[in-house]
Amino acid sequence: MKIFNSYSNALETFTPHHPNKVSIYVCGPTVYNYIHIGNARPVVVFDTVRRYFESEGYTVKFASNFTDVDDKIIQRAKDEGVSESVVSEKYIQAFLSDLTALNCKTDYIKPKVTEYMDKIIDYIQELVKIGYAYVIDGDVYFRVGKLAEYGRLSNRKIEDLISGARVEINEKKESPLDFTLWKKTEEGLHWHTAFSDGRPGWHTECVAMIDDIFGEEIDIHGGGTDLMFPHHENEIAQSVAKNHHHVARYWMHNGRLNFDGEKMSKSLGNDIKVKDLHIDKLAYRMFLLSSHYRSPLNYSPEALDVFVKEWQKTQKSVESLHRLLDLRNELKESVIVEAPDIVEAVKYYNDSMSNDFNTPNALTAISQLMRAINQKMRQSPDFAWFNQALVAVKRMLDILGLEVPLTRLSEEDKATLRRWEAARVAKDFALADELRIILANKGLL
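The opening position of the sequence shown corresponds to residue 117 in the working numbering, with each subsequent residue numbered one higher.
Treat the hints with care, as some may be off.
In silico SDA-like cross-links for lysine to any residue, where the CA-CA straight-line distance does not exceed 20 Å [to be verified]: (1) Lys432 <-> Glu519; (2) Lys429 <-> Lys358; (3) Lys448 <-> Val520.
Using C-beta positions, here's what the derived DEER-type ranges look like [stated by the list, open to error]: (4) Thr131 <-> Lys245: 32 to 42 Å; (5) Asp376 <-> Asp396: 37 to 47 Å; (6) Glu460 <-> Ser199: 29 to 39 Å; (7) Lys262 <-> Ser450: 55 to 65 Å; (8) Arg511 <-> Asp313: 48 to 58 Å; (9) His361 <-> Gly197: 42 to 52 Å; (10) Asn490 <-> Pro521: 12 to 22 Å.
Hints listed in this document are in silico derivations from the structure and should not be mistaken for laboratory results. In this text the structure is predicted, and so the values were computed from the model without any measurement. We put the beta carbon where it would ideally sit given N, CA and C, even for glycine.
Build the full structure now, drawing on both the sequences and the hints.
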């Protein structure tokens, strides 16, 4: 298996820290609003990464955080006249509801910043103790200049950042590049420390939680390209200073989702909430996976409509294949996939997924197999082939999170289907139409 490592800017062979185990951390949402469809991209991407590792027999330890301490949460709480915890919990539940609609797994480790405050404070204190951080008037800053390799992830040089970057002017800091680890404030949720009453800087929250949850350098750290600098760069800086490693062996970043060529964001007001997509959300998941995760992806209603139709067609074909086998009492619980054309499609799929999670090519493999299925269903039935095809296509779809729920037919449903087919053959169109309505109401046609 190969993964493009953002830190080395190269495609590398994946070697986990522990055999047959994978540790993954993905930066989660700041919970002050519903997520938009751009926010959903890393969620779907790394859920798919997890699913593929698990399908290959790995045990995956997966964590993604909730940032429930933030200026935006404070403002939302003021606007709504409620506490910050009420705001956070409301949008945490909304986020998990959106994940379920997108068929993303929710059985992962979900640390909240407020639950890890002692660990975060201890982490900052250690950085001060070893000389990589300093306290000025109750604020704590990280000394970026002590790390010669700072900027490697985002391909930036310290001297260029100092001379050309747009950095906040703060006369208290030793260097304009030094970033905040602790902010002195009594507004909103805050904690008492030896530095001051305040709350942590964003960049320390994730790295401190990773340190506590995993206790070592993890295998994969994921997130959007917009987090590469400064957030992920600053995570690495703190970890190098404190733990002498780069947080993760492999850094993965997904490309941005644009809306008709423009950046999608809540602040610009051009965002579409996941909850407001009034379609089968798996069609949107298919749309997100239709482009390689590292590439930018442009959203438009017209582009999405293509995948709404494609997902409906895929569902219908899989359901029809399953129903045919079940109706003929030919559905097998366990089969070996050995038909040459199916084996070829499976190999192309596996090769695609093991080459930096190339989901567009994986979808192509599924599409090719679906075409073969549809062609053979118009011919004399080959039940052995059909069973192999069903097993193969179900596995490929399931890894991508594009699961088609399949239920066995009741004896009554089988009898109705057989009567409908007989009526069609006999050209008894009145009876065929009557039975078709019954079957359609049951979702069987």
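Hint check results:
1. Lys432 <-> Glu519: Roughly 12 Å separates the two Cα atoms, so the pair holds.
2. Lys429 <-> Lys358: Given that 20 Å is the threshold and the Cα spacing comes to 53 Å, the pair is violated.
3. Lys448 <-> Val520: This hinted pair holds, its Cα atoms lying about 17 Å apart.
4. Thr131 <-> Lys245: 32 to 42 Å: holds (34 Å)
5. Asp376 <-> Asp396: 37 to 47 Å: violated (23 Å)
6. Glu460 <-> Ser199: 29 to 39 Å: violated (58 Å)
7. Lys262 <-> Ser450: 55 to 65 Å: holds (59 Å)
8. Arg511 <-> Asp313: 48 to 58 Å: holds (54 Å)
9. His361 <-> Gly197: 42 to 52 Å: holds (45 Å)
10. Asn490 <-> Pro521: 12 to 22 Å: holds (20 Å)
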